[in-house]
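*Asks:* Working from the sequences, and respecting the hints, build out all of it.
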Amino acid sequence: MSGIVWAAASAAGAVLLAAGVVLGRLTAPRGGRAADLDLGTPVERATFHTLHTASLAAPPLRAGLTEETARRAARPLRSLLGTEALCLTDGTAVLAWDGPGEGHHHGGVPDLAAGTLETGRSRSAPTGCADPGCDLRWAVTAPLTGEEGVLGALVAYGPRESAVLVRAATEVARWVSVQLELAELDRSRTRMVEAEIRALRAQISPHFIFNSLAAIASFVRTDPERARDLLLEFADFTRYSFRRHGDFAQLADELRAIEQYLALAGARFGDRLKVTLQIAPEVLPVALPFLCLQPLVENAVKHGLQDRERGCRVTIAARDAGAEAVVTVEDDGVGMDPERLRAVLRGEHPGGSGIGLSNVDERLRQVYGPEHGLVIETGVGAGMKVTARFPKYRPGVHPSRTR
Amino acid sequence: MNQTYAVAAVTAVVLATVLIGALGLRVSRTTSDFYVASRTAGPRLNAAAISGEYLSAASFLGIAGLVLVQGPAMLWYPVGYTAGYLVLLVLVAAPLRRSGAYTLSDFAEARLESRRVRRLASLFVVGIGWLYLLPQLQGAGLTLEILTGAPDWVGGLLVALVVTCTVAAGGMRSITFVQAFQYWLKLTALLVPAFFLVAAWYGDGAPRARFDAPAVLREHTVVRVADTVRIALDAPLTLTVTGTVDAVRYEERSVTLDPGAHHVGGGTVLALPPGTAVPERRAEGADPLGWSQPLAGGRDGHQLYATYGLILATFLGTMGLPHVAVRFYTSPHGRAARRTTLVVLGLIGAFYLLPALYGALGRIYAPELALTGSADAAVLVLPDRILGGALGDVLGACLAGGAFAAFLSTASGLTMSVAGVLAQDVLPSRAVRHFRLATPLATAVPLAVGVAASKVPVADAVGLAFAVSASSFCPLLVLGIWWRRLTPPGAAAGLLLGGGSALAAVMATRAGLAPAGWPHTLMAWPAVWSVPLGFLTMVLVSLATPRTVPAGTAATLARLHLPERFTAPVPAQEARR
Chain A
1 MSGIVWAAAS AAGAVLLAAG VVLGRLTAPR GGRAADLDLG TPVERATFHT
51 LHTASLAAPP LRAGLTEETA RRAARPLRSL LGTEALCLTD GTAVLAWDGP
101 GEGHHHGGVP DLAAGTLETG RSRSAPTGCA DPGCDLRWAV TAPLTGEEGV
151 LGALVAYGPR ESAVLVRAAT EVARWVSVQL ELAELDRSRT RMVEAEIRAL
201 RAQISPHFIF NSLAAIASFV RTDPERARDL LLEFADFTRY SFRRHGDFAQ
251 LADELRAIEQ YLALAGARFG DRLKVTLQIA PEVLPVALPF LCLQPLVENA
301 VKHGLQDRER GCRVTIAARD AGAEAVVTVE DDGVGMDPER LRAVLRGEHP
351 GGSGIGLSNV DERLRQVYGP EHGLVIETGV GAGMKVTARF PKYRPGVHPS
401 RTR
Chain U
1 MNQTYAVAAV TAVVLATVLI GALGLRVSRT TSDFYVASRT AGPRLNAAAI
51 SGEYLSAASF LGIAGLVLVQ GPAMLWYPVG YTAGYLVLLV LVAAPLRRSG
101 AYTLSDFAEA RLESRRVRRL ASLFVVGIGW LYLLPQLQGA GLTLEILTGA
151 PDWVGGLLVA LVVTCTVAAG GMRSITFVQA FQYWLKLTAL LVPAFFLVAA
201 WYGDGAPRAR FDAPAVLREH TVVRVADTVR IALDAPLTLT VTGTVDAVRY
251 EERSVTLDPG AHHVGGGTVL ALPPGTAVPE RRAEGADPLG WSQPLAGGRD
301 GHQLYATYGL ILATFLGTMG LPHVAVRFYT SPHGRAARRT TLVVLGLIGA
351 FYLLPALYGA LGRIYAPELA LTGSADAAVL VLPDRILGGA LGDVLGACLA
401 GGAFAAFLST ASGLTMSVAG VLAQDVLPSR AVRHFRLATP LATAVPLAVG
451 VAASKVPVAD AVGLAFAVSA SSFCPLLVLG IWWRRLTPPG AAAGLLLGGG
501 SALAAVMATR AGLAPAGWPH TLMAWPAVWS VPLGFLTMVL VSLATPRTVP
551 AGTAATLARL HLPERFTAPV PAQEARR
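These protein sequence lines are chains A and U, in that order.
First residue of the first sequence? That's 1 in full-length UniProt numbering, and the numbers climb one at a time after it.
First residue of the second sequence? That's 1 in full-length UniProt numbering, and the numbers climb one at a time after it.
These aren't lab readings, by the way, just hints derived from the structure by calculation.
All the given hints hold, so there is nothing to weed out.
Covered stretches of chain U (chain A as the covering partner; in silico rule of three or more C-beta atoms under 8 Å from a C-beta of chain A): (1) 104-112; (2) 329-337; (3) 407-421.
Here are some of the chain U residues that sit facing chain A, going by a computed Cβ distance under 10 Å: (4) Ala-41; (5) Ile-175; (6) Phe-177.
Simulated coverage check for chain A against chain U, where a stretch passes if three residues somewhere in it have a Cβ under 8 Å from a Cβ of chain U: (7) 280-290; (8) 312-323; (9) 386-396.
All C-beta atoms, glycine included, are put in the ideal place defined by N, C-alpha and C.
*Replies:* This is the structure in structure tokens:
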């Protein structure tokens with residue numbers, strides 16, 4: 001009986017293993033099989049081999065020089081050089097060692113590398129190893145340089161002094177240096193994007209501040225209670241908008257900011273401004289870029305009340321759509337010529353109106369990818385409907401709680 | 001039973017679901033009052049929604065049927081279904097919410113920072129969702145068959161169509177309200193008839209099911225045996241038979257069967273006089289114990305093992321159900337998620353008192369259902385059987401409506417989860433268009449399988465989905481939340497080996513490939529071996545690959561375990577105050 005059980009279990013295991021392998025194959029990146037067809041001359045093959053080995057070392061190095069990346073790059077680099085052992089070090093410590101002899105040579109590396117780290121030149125020196133069975137008799141140290149001078153050194157060990165090894169090690173070190181420079185370039189590009197996002201976020205317009213204060217001032221004598229309430233709303237709203245930390249907020253917090261904004265706008269426009277809300281409670285916890293809805297509402301209010309005697313209705317809706325939350329802001333105001341809108345979204349903004357829209361659009365694209373830009377439906381005299389879709393989950397997007 | 005009432009009730013439930021789904025948002029939330037509009041769903045509303053989505057056909061019909069046939073041992077089902085939330089509450093609820101994940105795949109990606117583990121988790125979400133959808137559609141088929149006599153695939157098709165259309169059209173926008181409504185509907189639909197039934201039972205002189213003796217028929221009863229069964233008799237039995245008994249064909253002949261085992265062919269109609277003991281259905285090699293004894297039923301005779309399998313699967317499987325996990329996202333923070341779970345425990349616990357009552361009443365008033373193989377119908381036929389007349393019809397309609405609410409709510413929640421994951425991770429590109437395409441796929445597969453596969457009691461079929469969930473997502477969630485050395489290869493291996501083996505065993509059982517005896521028991525109740533297998537694989541492979549621990553593990557775990565106010569950066573002004 002138990003034999004059957006074991007047979008069934010092992011059969012199930014085998015099936016699972018096969019399924020896993022097939023799954024792995026299916027999900028693995030394609031490519032890397034073409035070399036079997038035309039093998040080329042020996043020289044060509046050697047070149048291909050060298051290029052392939054170099055390409056294996058490149059991805060880890062592109063993340064900068066750390067213990068983790070050095071460890072992953074050391075093996076391909078050693079097979080590139082064809083030496084007994086290879087060591088990567090930064091200014092202070094050994095980052096990675098590939099090959100034999102780590103135990104008794106580890107301590108000597110800082111002394112070997114010191115000269116190179118100081119002068120930035122390759123040098124060849126005997127290791128002075130006491131173990132007669134050890135092949136690591138000579139070491140070539142070559143500098144790894146970045147934009148800010150020498151970052152570390154590559155140490156290649158060989159059994160004898162060899163000019164070829166010096167040359168090869170120097171070339172490889174130079175190639176590694178190029179990769180490290182590229183890594184620095186990547187980092188500065190990321191920093192630039194981050195700075196750009198920071199610059200893009202949260203620009204409440206100075207006009208809004210003047211207008212709000214003027215509106216509040218008009219209530220100070222006639223209705224001091226209301227003026228006081230409005231001032232508190234104003235304080236809350238500005239505190240929220242000027243906060244420095246975190247790039248994301250919960251939809252509930254954003255709606256609170258919009259509420260304060262609309263209270264202040266309502267003080268100015270009175271009954272002309274009507275607001276309708278349809279908020280699904282499921283989407284209130286969704287994280288979204290900080291202050292990315294308020295500009296849309298501001299825009300709707302501005303368009304809705306432009307050149308009009310009668311009032312306008314602004315509708316804000318947030319609904320649940322599976323793995324996404326869909327937020328729409330709609331007004332029944334003057335609308336906009338689609339051509340002009342396109343120009344605004346491209347960044348050419350004649351007249352300065354709609355800068356909020358293009359800003360929000362850009363931020364959404366940067367955070368969630370190009371398919372998550374704003375969708376705007378409008379026409380002259382036909383109002384405007386702006387739709388934004390926010391994924392409920394995106395790696396790295398976590399709301400900061402503010403209230 | 002009067003069909004008109006029942007059809008009206010089912011129609012009303014379907015319409016109410018669709019209408020609340022489409023309009024509930026507008027009715028309740030169209031306002032210019034920000035305070036009302038932007039209030040998050042409180043723990044009570046959200047808990048009712050989770051319970052509404054969770055109480056499926058298995059809870060509404062299945063448990064009563066199993067209690068009727070196999071006795072109080074089957075109460076482990078409601079206990080397990082409820083206790084699953086206790087485990088969820090203690091180990092998972094708050095950290096899962098704090099991770100910011102919407103689906104279980106999101107959690108895998110957030111915790112392990114790996115797209116591949118995410119894709120693997122998605123496959124399991126789809127698998128579990130389909131396994132769980134199967135019994136919902138099957139239950140719908142059964143209900144409609146009893147109510148109207150339609151073929152058993154019609155009900156499943158109806159539910160699949162309604163769910164597919166509403167979900168694909170975006171009609172489940174206010175899903176929290178729909179599901180909360182469904183919970184109270186289901187509770188009312190069981191509670192109100194229960195009062196009448198208990199009153200009638202009391203008026204009847206409060207007969208007790210003599211649980212240890214064979215059930216006795218109270219009136220002349222005609223039974224149609226759907227599938228071939230083996231019955232056992234302790235005393236000679238005289239009955240009228242139309243069909244095949246012991247390979248002999250009869251046409252409305254009075255037959256006296258000797259004590260011992262007999263084979264009754266599928267489609268045979270047995271007319272039993274009042275006062276007869278209902279013949280016990282006997283599985284191969286079962287040890288006939290009294291009905292009220294624990295571990296009595298005839299499940300391959302390895303009842304103790306099966307019970308442990310059931311306990312492990314339901315206790316640990318609840319946390320990995322795709323439609324349960326996504327509801328926690330509605331809670332504004334981890335603390336609220338925990339409170340929600342606590343309320344869910346109360347709501348579900350209250351609900352599960354009722355199916356057991358129906359099971360016991362069914363044992364007294366409709367014992368012949370045990371013979372027909374459609375014991376899942378016990379809840380539906382009881383009002384007609386006990387009360388009869390217009391009142392029986394109305395209460396029966398009430399129960400039928402409640403049962404349809406159960407199919408609709410669970411099926412729509414599952415379909416949304418499965419379709420969402422299909423559209424996002426399995427089908428090529430992400431877009432709303434694809435969500436619409438994925439929805440029919442999400443319901444078509446279980447519908448097709450349901451027509452093809454062998455019939456299993458509804459509650460058992462749900463148990464299979466729980467087993468797979470317990471062996472795949474329980475290790476992933478528990479280790480992911482509580483163990484900092486979990487690695488992506490470890491998680492993938494554990495999912496594949498634990499969840500994969502459970503899935504394979506369950507599939508083989510449903511396809512009828514499992515050999516009889518111990519192998520069948522092992523494969524039908526895989527949780528006992530597959531849950532430890534999943535945990536062990538995950539731990540061992542993770543320990544073997546320490547270098548692949550995700551770089552952000554410390555930060556992720558801090559976010560999972562610390563209350564939000566500690567992990568979120570504090571505004572300078574507020575810190576100063």
